[in-house]
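Asker: When you get a sec, could you build the whole thing from the sequences and use the hints?
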Amino acid sequence: MSEEPRTVAGERAARGQRRSAARLAAVQALYEMDMVGALADDVLAEFLQRRWQLNAEAAGMAEPDADWLADLVRGVSKSAEALDDLIRPALAKDLALERMETLLRVVLRAGAYELSAKPDVPTPVIIDEYVDVAHAFFEGKEAALVNGILDKLARGLRPDER
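Take the sequence shown: its position 134, counting from 1, is numbered 122 in this note's numbering, and each next residue is one higher.
One or more of the hints may lead you astray.
Claimed, not checked - Pair ranges (Cβ atoms, derived):
1) R76 x A1: 31 to 41 Å
2) G4 x R146: 12 to 22 Å
3) G136 x K106: 16 to 26 Å
4) G(-2) x R76: 34 to 44 Å
5) E89 x G(-2): 31 to 41 Å
6) A(-3) x R87: 37 to 47 Å
7) G25 x P110: 32 to 42 Å
8) A26 x A54: 16 to 26 Å
9) D116 x P147: 16 to 26 Å
10) E34 x H123: 18 to 28 Å
11) E(-1) x D82: 42 to 52 Å
These are computed hints drawn from the structure, not numbers from a lab.
We put the CB at the ideal spot given by N, CA and C, even for glycine.
Answerer: In structure tokens, the structure reads:
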């Protein structure tokens, strides 16, 4: 028997899963870079060659979209200060970005990067994806915090989408 051709919807779903995996891997890579001062290309090479395969196989996850992963990691690392400047006004007055847990700050930076640099990706998709990433790492209110901050940021960056 011959295989059925992949449907457009199936291809979109597969691409979405690969991008979701890339977002999760990007947050892990950015966290590592922040914690140990590693360079983007070094961390990317390790993730793509070894680390993701070990983790993904164990968890039954999709292979990350390598181009998406590289763009996220390089884009966030190159523009971290500018992204922080975008995020700060979206924070509640009692929150300071510098005092936030590193992992939470990295999730926010990655979401802010996509909101500012990926106009072809719908705002709700970006916010939902990073809320899911936050759920992967946190059990408390952090996911709701990510949702609120990215939503507020999106209203400023993408007013026409509302």
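Asker: Please go over all the hints and tell whether each is borne out by the structure.
Answerer: Hint check:
The hint said 31 to 41 Å for the Cβ distance between R76 and A1, and at roughly 36 Å that hint holds. Range check, G4 to R146: about 20 Å between beta-carbon atoms, so the 12 to 22 Å window is met. Against the hinted window of 16 to 26 Å, the Cβ-Cβ separation of G136 and K106 comes to about 20 Å, which satisfies the hint. Between G(-2) and R76 the beta carbons are some 41 Å apart, a value that agrees with the proposed interval 34 to 44 Å.
In this structure the hint that E89 and G(-2) lie 31 to 41 Å apart at CB holds, the actual value being about 38 Å. Roughly 44 Å separates the CB atoms of A(-3) and R87, a value that falls within the hinted 37 to 47 Å. The beta-carbon spacing between G25 and P110, approximately 35 Å, falls within the hinted interval of 32 to 42 Å. Against the hinted window of 16 to 26 Å, the Cβ-Cβ separation of A26 and A54 comes to about 18 Å, which satisfies the hint.
For D116 paired with P147, a C-beta distance near 20 Å keeps the hint of 16 to 26 Å intact. With their beta carbons about 25 Å apart, E34 and H123 fall inside the hinted range of 18 to 28 Å. Distance hint for E(-1) and D82: a CB-CB separation of about 45 Å, consistent with the stated range 42 to 52 Å.
Violated hints for the displayed structure: none, as all numbered hints are satisfied.
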